[in-house]
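Colleague: Each chain, written out:
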Amino acid sequence: MDEWKPNPAVKPHKKRSWYLAWKYKLMNQRALRKLCQTGAVLFLLVTVIVNIKLILDTRRAAYEEEEESAQDYDDEMLNVEVPRHPVNNKKVLDVEVYSSRSKVYVAVDGTTVLEDEAREQGRGIHVIVLNQATGHVMAKRVFDTYSPHEDEAMVLFLNMVARGRILIFTIKDEGSFHLKETAKNVLKSLGSQVAPFLSWRDMWTFVGKKGGEVYGEKHAKSPALSTWGDPVLLKTEVHLTSVEDAECHWPDTELNRRRKRFCSKVEGYGSVCSCKDPTPIEFNPDPLKDNKVFDVPVAVIAGNRPNYLYRMLRSLLSAQGVNPQMITVFIDGYYEEPMDVVELFGLSGIQHTPISIKNARVSQHYKASLTATFNLFPDAKFAVVLEEDLDISVDFFSFLSQSIHLLEEDESLYCISAWNDQGYEHTAEDPSLLYRVETMPGLGWVLRKSLYKDELEPKWPTPEKLWDWDMWMRMPEQRKGRECIIPDISRSYHFGIVGLNMNGYFHEAYFKKHKFNTVPNVQLKNVESLRKENYETEIHRLLGEAEVLDHSKNPCEDSFVPDTEGRVYVMFIKMEQEADFTTWTQLAKCLHIWDLDVRGNHKGLWRLFRKKNHFLVVGVPASPYSSKKPSSVTPIYMEPPAKEEGAVAVPAVAAAEQT
Amino acid sequence: MQKINRNVVLALLSLTSLVFLLFQLCYYKFYLSQKNGAAFSKVRGSQSGQDSTRWHVVRKFLGLISSHNIPVYLIDPLILGLVAKDIGQIRSSPDGPSPECKYFCAPRDFTTFALLDKTWKHEAGLFRTAEKMGFQWLKIINKDPRLDGMDDLSGMEIPLHYIFKLASHAIHLVVFYERSGNFLWHGPLRLKQHMDRKFVPFRKLHFGRYPGAYEKPELLLVSIDDLKVQIPKNPSSFLQEMSHSRFLECRYREARAFFQLYPDDASLDAVEFRKKAKSLLHLAALTLNNLGVKFWLSSGTCLGWFRQCNVIPHSKDVDLGIFIRDYKADIIPAFQKAGLPLKHKFGKVEDSLELSFQGEDDVKLDIFFFYEEDDHIWNGGTQAKSGKKFKYLFPKFTLCWTEFVELKVHVPCETLQYVEANYGPEWKVPVKTWDWKSSPSNVQDNGVWPVDEWDDVIQIY
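Respectively, the protein sequence lines represent chains A and B.
Residues 1 to 659 (UniProt numbering) are what the first sequence spells out, left to right.
Residues 1 to 461 (UniProt numbering) are what the second sequence spells out, left to right.
Check each hint, because a few of them may be wrong.
Straight-line alpha carbon distances no greater than 30 Å define the calculated DSS-like cross-link-like pairs of lysine-lysine that follow [said to hold, decoys possible]:
1. A:K453 to B:K432
2. A:K265 to B:K121
3. B:K121 to A:K292
4. B:K192 to A:K265
5. A:K459 to B:K276
6. B:K118 to B:K233
7. B:K132 to B:K102
8. B:K216 to A:K292
9. B:K275 to A:K449
10. A:K459 to B:K428
11. B:K276 to A:K480
12. B:K437 to B:K316
13. B:K121 to A:K453
14. A:K453 to B:K428
15. A:K449 to B:K364
16. A:K525 to A:K381
17. A:K465 to B:K316
18. A:K103 to A:K265
19. B:K216 to A:K381
20. A:K260 to B:K132
21. A:K532 to A:K292
Partial list, derived from the structure: chain B residues whose beta carbon lies under 7 Å from chain A [to be verified]:
22. S17
23. F20
24. A124
25. R146
26. L147
27. M150
28. G155
29. E178
30. R179
To be clear about the criterion: a stretch of chain A counts as covered by chain B if any three or more of its residues have a C-beta under 8 Å from a C-beta of chain B, and this derived list gives those stretches [to be verified]:
31. 36-50
32. 342-350
33. 373-379
34. 458-467
Please keep in mind that the hints were generated in silico from the structure rather than gathered at the bench.
Computed from a predicted model, the values in this text were never measured in an experiment.
For glycine and all other residues, C-beta sits at the position ideal for the given N, C-alpha and C.
Here chain B stands alone, though its shape is the one from the complex:
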């Protein structure tokens, strides 16, 4: 009896485990299909079948696009990453047949292409052809940010993203728009309520979590895996750019509310100052970009952008921030060459460096250098007559692109924290009297420069 019992128990347990195993398999399959969209799980063919599906979908898409004369270029980070490794070879043999499908067959869910908005007419014909070819497509539209900054203009919504799905692969077409400041912009991908959330695994998209800002790329026509396609001329620098492309739109609505409370200064002086500040900022941006030095809007200029999307007319100077690790000795001569003489230099590279250049008619360009610590970032200040040092503390931040006075510039992504650190919780209220030594809420005394160093750390011209 005991024996039988034991066998029965064994058999039962085996059965349970079998059931579990089956259940697990089913669940796994279900989980996969949920993750990758319904179409993806239908055919779990051999690996090579999957690979060639991707290639076929890309080929079909390129055919569709070229039949409507729409110039797209490849921006898929995965493929560009592979291409970047072999770029020399690809460039040298633009037409050579490739022995194996190396790039377009690489495992992935999407292939991403870019489209410059101004290079195509928004023809509905494209989508009808796409449907005939078997593509399912999704269009994501939203407000035109180029009109957002304007009082009370409402244009048509513009297409920001397209997704074309065929079999188990999808093409993500990102629409790029030209913005003032001579750069390209793509919008965020946001699903409206009625949209199919499972159309594709949106989370896996490489573009669309945030809007992005890019330089206008130089393109190169190449043949990879026997497909002719345009790619950025330098794929690795494009990928580099992509990783830092996050774009922040100015808070136009809040800025309008601000101007409702505090009407804008429209006096001739204000107009003149804004004009000068704008041209000074353009000159500074040109100079620093030529040197390859990364900078961002700091202090009052940053506050102006964040609070009112414009230069604060009573601020009287332009403030920029630069990480000390990006400091170059060429900065001073470059500005002097650009017609901006050095007005003063406080501190030294190791500590509290601050440069100030004289712009046209009393408009000053202040450059503060920022020092990174483990849990905060700071920049220094120096009082010329007493040699006193000050320290301004900021929480850690990263840099985002934005558009300001027709310029593509960096601002701290965590702008609110940055501005609050500097100007306190009352930053929304304009203040005309500002003392840089006591007004900022993040200022700390930082001792005094040793007298023997004064000649070096306090230079006034």
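With the rest of the complex left out, here is chain A:
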């Protein structure tokens, strides 16, 4: 170790001697030395000055640069800080619930969470669900239990609410007329004492925890049929639980994160939020081979019916060949819950500030949605237009994929629609069969971009015109004699029973029994025969082979059509000119199909099924197919019934309801 220990004495000594020698040398040259010294001093001074200047310069440059870059890349819009609500550590909520003929309201801790005093709206039982840990409103529903089947919807909803949630009920106007036993029992099971005895025009409020305690209930009986019960106001307190108790513990995946966000905000979606074994939110249906509509954008037109939207999107995302990236949901209004549903499924949603009122609002929303769709997908030649109250058939995209080329090639086509207005359980039979019709059914249809951009968009009804967009599209000025292709069995099902032009009675009469295809991968029959000229050949062939029915019988009777299967029959009805639908309307009425306006016709010909036989109806003499009528046959004429007294007039615009 010792041997390489450095010797500190040696080096400095050596250095010092070298220094001295050098110094001595310089001493001998005084002048030179002096010069060097002055030079050094000057040089050093200059260095100092230059240095200082450099520092100042770089600092200024850096400062300027920062300034500039900040200006270039700063967002000009300053983010406004959203004021945070102070964390509510309160363990008790004050709840106030009011029920009366013309007004209901619910206030939680002084904040009004529901207030409805609009006239002729919001009739029935209002239900509010609160989160038992935070007190936030998770769902708000109104069930018009004055009308049929709404009580079933309410039972369904209440069953879907998770245990432990706080439920608030209040009646506006009338809520008992169609409140059946089942629903009353469910309310009873929630702890209501009054529910089983609720009757005509009673007022009622109730607050309770699902599967737990009752916080309060108040009731006012209606003294007579013609009057309402007195308004009731219930004030009560609700005790909050801890957050952990109110949440599920799913494995941490991307999907479950979406699920968690959704389930902590809203209620009433049942198994999607169930802690044990929740229902999937990703479906991965089989892809379609040679899918011609994979790149076609899908616009879902929605309002504020989030539970409808949920059901609709589930069926849409389960359809074979669906491409979630092409789906955009357009929400008419700044509603949160529909947006939550959209985000749950990982789709993109766009909200639209409502313009105008009623039908015009819907119509403006349609316009904005269609324009936005073609803006977002500038390459698209078509757009699929759906509404939030439709179930989508499993072979919806397969149906479109097989037929869309017709829309591209046949100028005489206006649209392809998934809906057959006359396709009821008892009048539709063949999933592989398509028709051409002169009416635009809507309810799941394909729009050609050129039609929209060149014709419809520029002259779309303006906001002050209270028109239905679909009625407008059906007008001859727009349709210009073009036709739509529809399937015999619809590829969409209209399940909505609340809506602008819709109610329970109307739905039951016209939509409930509509046939809906559930068979996957249906191979469409003879798609080429749908082209303009080919279709005429096809119709003539059909009429040629059709057996003429016995025109002496009553066409409304079941026996009018023989008890056969798979045959083709034809009947002739009176139709004086192109717009004479008197007999047709009566026939439609007695066949229990769409009779509110004329749908499904093609040059005075209707095609449907009766008793599994193809059944053709030809209007004579207006239809060009009248020539097929044997001279011996007299076309059937059916007289419209004289106006019955007190008959309930169905809303004049009884169009298929849109949103």
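Based on the hints, put chain B in the right spot on chain A.
Modeller: Below, chain B without anything else, positioned relative to chain A:
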């Protein structure tokens, strides 16, 4: 004593200078690190180390991207510039191993890639993998301009830029969107308040100062520096395009305010005229683009775009501007071939040239040629019956892209000055009676054509 003093002074001065030197070094280092982001100054290794870092970061990024099946392509102007020089060689040997790292090791702070929005699903998985690989990332989102033009629609914000940072290098991923008018658009890069301004030196980014408009590129898969990467098929023309790619969004908000004041004409005539003007503009754009002639929206058409984002229904014609240096003799035959006969021709190439073509049903296409001077630009006008000449002066301007009636077209970037020069400060107020000889605020008398030239400079068909 004197000697000692002097030595002391000398020593002191030396010391000061030493201190300064040290200070300078420190300051320099500090300045650098501030400029390049904290990570950049940590390792000042050898030059080759730096070079290979860049290559490694790019390789890692490409690995990340391909593991998520996201098709990106290289748009880095620096690398494409180098590639453009050797493009023939690169094309001919797509798989050959490269002897040296020539492109991806070139000194720079960023490598820029492009991503077509519609080709990927916005998966969060990508970012989780990126983090696992050591990348720090930044996402810049903003409003969707495709919905901006629409009344009262509010969509989700869309991602415009991503920056992935690893060690001393960063990847800038620019997201391109398809717009009506068959072109690609990328957004500007704007930092929101809470964002880290020092994440990377944003000023050095090649994309994002302005939004940009591009044609859809044809891509080519090449192997450079042993990395397989997609590049634009013709890098030099891409770079050319890039230098003129600045995009201006229509001022939708102002247009809405305009329509609040002056409700839009929704009559059938207006609808019809707009339809015709749109198809005429589409035809003109197609014709001129095929000839490779650069044009822009001028006069009333430009005002329509700037003021109301639409064709002014009472304007009755479509106006385009072309720099006289871009004039081609083929223009007239090309329009005639496209079904637009020449209506009149005023002036000559050397002076005040103006062409007018007859579109469908009385809709006229006017093409004004612009002459550049040192401090202004002008175009000429001619009154047919008197041979009087007029001159319309404009301040100098450059050209930007915009989207108008589903078309990608040029407008002057300095649109306000252009419109104000033409229509005066009251341009916001619609005027239905307009005299081209006296109404414009930039018109000047410019003498009279000599009578012997009339046959040439005043041609009416």
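Colleague: Are the hints correct? Go through all of them and say.
Modeller: Status of each hint after checking the structure:
1. A:K453 to B:K432: Roughly 27 Å separates the two Cα atoms, so the pair holds.
2. A:K265 to B:K121: 26 Å, holds
3. B:K121 to A:K292: 20 Å, holds
4. B:K192 to A:K265: Distance of about 28 Å is within 30 Å: holds.
5. A:K459 to B:K276: Since the Cα atoms of A:K459 and B:K276 sit roughly 14 Å apart, the hinted pair holds (cutoff 30 Å).
6. B:K118 to B:K233: 20 Å, holds
7. B:K132 to B:K102: At roughly 29 Å apart (the allowed maximum being 30 Å), B:K102 and B:K132 satisfy the hint.
8. B:K216 to A:K292: Roughly 23 Å between the alpha carbons, so the hint for B:K216 and A:K292 holds.
9. B:K275 to A:K449: Distance ~15 Å between B:K275 and A:K449 Cα, so the pair holds.
10. A:K459 to B:K428: Roughly 25 Å separates the two Cα atoms, so the pair holds.
11. B:K276 to A:K480: The given pair, whose Cα atoms are some 20 Å apart, holds under the 30 Å limit.
12. B:K437 to B:K316: 17 Å, holds
13. B:K121 to A:K453: Distance ~28 Å between B:K121 and A:K453 Cα, so the pair holds.
14. A:K453 to B:K428: 28 Å, holds
15. A:K449 to B:K364: Within the cut-off at roughly 27 Å; holds.
16. A:K525 to A:K381: Roughly 25 Å separates the two Cα atoms, so the pair holds.
17. A:K465 to B:K316: 28 Å, holds
18. A:K103 to A:K265: Satisfied, since the Cα-Cα distance of roughly 27 Å is no more than 30 Å.
19. B:K216 to A:K381: 18 Å, holds
20. A:K260 to B:K132: Judged against 30 Å, a Cα distance of about 24 Å means the pair holds.
21. A:K532 to A:K292: 22 Å, holds
22. S17: With Cβ-Cβ at 5 Å, under 7 Å, it holds.
23. F20: With a closest approach of 5 Å, the B:F20 hint holds.
24. A124: 6 Å, holds
25. R146: 4 Å, holds
26. L147: 6 Å, holds
27. M150: Hint on B:M150: holds, closest Cβ of chain A at ~6 Å, below 7 Å.
28. G155: Result: holds, 4 Å to nearest chain A Cβ.
29. E178: Where the cut-off is 7 Å and the nearest Cβ of chain A is about 5 Å from B:E178, the hint holds.
30. R179: Holds. Min distance 6 Å.
31. 36-50: holds (count 7)
32. 342-350: Satisfied; 3 residues make the cut.
33. 373-379: holds (count 6)
34. 458-467: holds (count 3)
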